[in-house]
Amino acid sequence: MTSPLIQFENVNKWFGTFHALRDIHLQVQRGERIVICGPSGSGKSTLLRCINRLEEHQEGKITVMGIELTDDLKSIERIRRQVGMVFQQFNLFPHLSVLDNLTLAPIWVEKISPELAQERAMQQLERVHIADQAHKFPLQLSGGQQQRVAIARALCLTPQILLFDEPTSALDPEMVQEVLDVMTSLAKQGTTMLCVTHEMHFARAVADRVIFMDEGQIIEEAPPTAFFDHAQHPRTQAFLKRLVV
Amino acid sequence: MQYRASTLLPARQPPLQNTRVMQWAKQNLWGTSVSAVTTALLVLILLWSIPSLLEWSVVHAVFSANADQCQAARDIGACWGVVAEKYRVILFGRYPFDAQWRPLLATLVLTLLLVASCLPVFWNRYLAVAWASIWLFFFVLMGGGKWLGIPTGLVYIPTDQWGGLPLTMMLATLSITLAFPLAILVALGRQSTMPAVRSVCIVYVELVRGVPLISVLFMASFMLPLLLPTGTSPDVLIRVLVGITLFSAAYTAEIVRGGLQAIPRGQVEAAYTLGLGYWQTQRQVVLPQALAHVVPSLMNNFIAIFKDTSLVTIVSLYELTGALGLAVSGDPNWRPFKLEAYLFITLIYFCICFAMSRYSLWVERQVSHR
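So the protein lines, in turn, are chains A and B. Following my numbering, the numbering of the first sequence begins with 168 at its first residue and continues without gaps. Following my numbering, the numbering of the second sequence begins with 862 at its first residue and continues without gaps.
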């Protein structure tokens, strides 16, 4: 058996006195697609953000691609290059054109030539069907287009793991699908994905496992069919009842 | 089921307005009773003041450098003769008369490079080389004498004799270029997670802001030599330059900090996620946006620094304003016409500051990407 790509062992985290993550155990294998759901404030985003050290955990052990996450900046930067992240608010750089958003990290982190970086960036933009907008600035695009650019930006570093933190929550309803389509096609290509989302159709269609969190704990985890049709825990059942109207 | 619209309405042109000018005038000059009264009052004030202003500054004015004629026209006409008579002292201060081609040339070259630096076509690595060589050229030309044992063939002129516009331009340009990067470091330092760095930056800013520039200059000039071992005190120009730079950097740092605070946390997180380190993130993502937010206040501050250089008179350096006092106050024939001389340097200050503010507007337009 190969060692897992991501491993949480007994991880705890507090914000001040608020216990945000409680005894988290989690293993993610290469190529797995995981959807994390749960009520707001349940620690889903925090869990995701611990993987690339946007948040620091205080107890337990997190290993990503065999590297343990500690204060060591070098290993954090090594992990971050391999872990792409897509945010709820897109977080594109508004002062750079779409193309420059995509080439920034390849040029400054990977130190490849601007020409090569642009070539690769255009490939990624085509992959998310937005190559015609390459020379616009982010704020000139619609929310859905911006989020697709953000996905393309994460893909430019050819990450081994992709983290999605509520990627469709800030979008107008008519733009949600175009982003989900891109994510679905990524999932089908075998990318390891961890996705915090409430898009249950997406979860059913692509997830290998669905994880339900509440009050900083992983309450339940199961393959999507089992999760949606036979949730075990009363809290999960209550959550799903409220979600599926 | 009834539909409100069965076909899409075609887009139409907006209605034509009567001429733009009339529209504007109506809205702004007599649209309401308050603005009508204000307009009338302003027109009256202009009608009353412009003729007498013209009479004083043109009709009865004396343009030749003749003190007797000026004396005769006193109180009814301006004496522009004072400018004709004294412009060289005003522009170059105590710099020896015969060698004044040197500050003239130095100022021209400096101004030329300043203008070139404002144009994006010249923004490349050669600009830095150009600046380094220009400063060397400036100081060698102004100072003359021997540099590193090599004779320049020019008479040595000590820095306390430098003055006028070249001194103003040099102090302003150098202190702004030195203060700006320092300010950025201090502003970043104030946001640092390292308590020691943060405290040093806070103490520096608060200390400097609590003291008037005059006392900073005074201390730099008179107290520093007392603290340093005898014979090691740096040139008065350097002491003053350090004083102005440290002073302006504290103010500029607060402006930069304001810009930094406007950048959402997500920008930094996105950059970190892409593997950028702290300095790369600041340089590529945070600072370009933060500085763009504060272009108007930055330029405001730079203009203030430019004018603050006039305070170096306190330590007997006669820059433009100081040189004016030197030129006119000591001469009983021309002393009564100080006002006209002041109007002359006002014009110089205004031209430079106006150019700076127009440039800032242009930069603002360049950095907005909506």
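Worth double-checking, as some hints may not be accurate.
Stated by the list, open to error - In silico lysine to any residue, SDA-like type, Cα no more than 25 Å apart, as pairs:
hint	chain 1	residue 1	chain 2	residue 2
1	B	Lys-1199	B	Tyr-987
2	B	Lys-1168	B	Leu-1204
3	A	Lys-241	B	Leu-1046
4	A	Lys-278	B	Trp-1140
5	A	Lys-241	B	Thr-1054
6	A	Lys-278	B	Gly-1138
7	B	Lys-1168	B	Phe-1083
8	A	Lys-278	A	Glu-244
9	A	Lys-241	B	Ala-989
10	A	Lys-278	B	Gln-1141
11	B	Lys-1168	B	Tyr-1203
12	A	Lys-278	B	Ala-989
13	A	Lys-278	B	Pro-1149
14	A	Lys-241	B	Glu-1130
15	A	Lys-241	B	Gly-1127
16	B	Lys-1168	B	Leu-1187
17	A	Lys-228	A	Arg-248
18	A	Lys-303	B	Leu-1046
19	B	Lys-887	B	Ala-872
20	A	Lys-355	A	Asp-396
21	B	Lys-1168	B	Tyr-1065
22	A	Lys-278	B	Tyr-987
23	A	Lys-241	B	Arg-1144
24	B	Lys-1199	B	Asp-1169
The hints are simulated quantities; they were obtained by calculation from the structure and are not laboratory data. Every value quoted in this text rests on a predicted model; they were computed, and no experiment measured them.
These are the hints, each one checked on the structure:
1. Using a Cα cut-off of 25 Å, the hinted pair Lys-1199/B and Tyr-987/B is violated, with the two alpha carbons roughly 44 Å apart.
2. The suggested pairing of Lys-1168/B with Leu-1204/B holds, with an alpha-carbon distance near 15 Å, which does not exceed 25 Å.
3. Distance restraint check for Lys-241/A and Leu-1046/B: the Cα-Cα separation of roughly 23 Å lies within the 25 Å cut-off, and the hinted pair is therefore satisfied.
4. A distance of roughly 15 Å separates the Cα atoms of Lys-278/A and Trp-1140/B; the hinted pair therefore holds under the 25 Å criterion.
5. Distance restraint check for Lys-241/A and Thr-1054/B: the Cα-Cα separation of roughly 18 Å lies within the 25 Å cut-off, and the hinted pair is therefore satisfied.
6. Simply put, Lys-278/A and Gly-1138/B have alpha-carbon atoms about 13 Å apart, close enough for the 25 Å limit, and the pair holds.
7. Annotation: proposed proximity of Lys-1168/B to Phe-1083/B holds, straight-line Cα distance about 22 Å (limit 25 Å).
8. As the CA atoms of Lys-278/A and Glu-244/A are separated by approximately 14 Å, the hinted pair is consistent with the 25 Å bound.
9. Restraint check for Lys-241/A and Ala-989/B: not satisfied, since their Cα atoms lie roughly 33 Å apart, outside the 25 Å limit.
10. For the suggested pair Lys-278/A and Gln-1141/B, the alpha carbons sit about 12 Å apart, so the restraint of at most 25 Å is met.
11. Our distance criterion of 25 Å between C-alpha atoms is met by Lys-1168/B and Tyr-1203/B, whose separation comes to about 14 Å.
12. Between Lys-278/A and Ala-989/B, the direct Cα distance comes to roughly 24 Å. Compliance with the 25 Å bound is thereby established for this hinted pair.
13. Among the hinted pairs, Lys-278/A with Pro-1149/B is consistent with the structure: their alpha-carbon atoms are about 21 Å apart, no more than 25 Å.
14. For the given pair, Lys-241/A sits about 17 Å from Glu-1130/B by alpha-carbon distance, which is consistent with the 25 Å threshold.
15. The straight-line distance between the Cα atoms of Lys-241/A and Gly-1127/B is roughly 22 Å, inside the 25 Å bound, and the hint therefore holds.
16. Note on Lys-1168/B and Leu-1187/B: the hinted pairing holds, with a Cα-Cα distance of about 18 Å set against a maximum of 25 Å.
17. Our distance criterion of 25 Å between C-alpha atoms is met by Lys-228/A and Arg-248/A, whose separation comes to about 20 Å.
18. Between Lys-303/A and Leu-1046/B, the direct Cα distance comes to roughly 32 Å. Violation of the 25 Å bound is thereby established for this hinted pair.
19. The straight-line distance between the Cα atoms of Lys-887/B and Ala-872/B is roughly 29 Å, outside the 25 Å bound, and the hint therefore fails.
20. Between Lys-355/A and Asp-396/A the CA atoms are separated by roughly 23 Å; this keeps the pair inside 25 Å, and the hint holds.
21. Proposed proximity of Lys-1168/B and Tyr-1065/B is supported: the alpha carbons are some 23 Å apart, at most 25 Å.
22. Only pairs whose Cα atoms come within 25 Å are accepted, and Lys-278/A paired with Tyr-987/B is accepted, the gap being roughly 23 Å.
23. The suggested pairing of Lys-241/A with Arg-1144/B holds, with an alpha-carbon distance near 19 Å, which does not exceed 25 Å.
24. Between the alpha carbons of Lys-1199/B and Asp-1169/B the distance comes to roughly 21 Å, so the proposed pair stays at or under 25 Å and holds.
Checked against the numbered hints listed earlier, the structure breaks hints 1, 9, 18 and 19; every other hint is satisfied.
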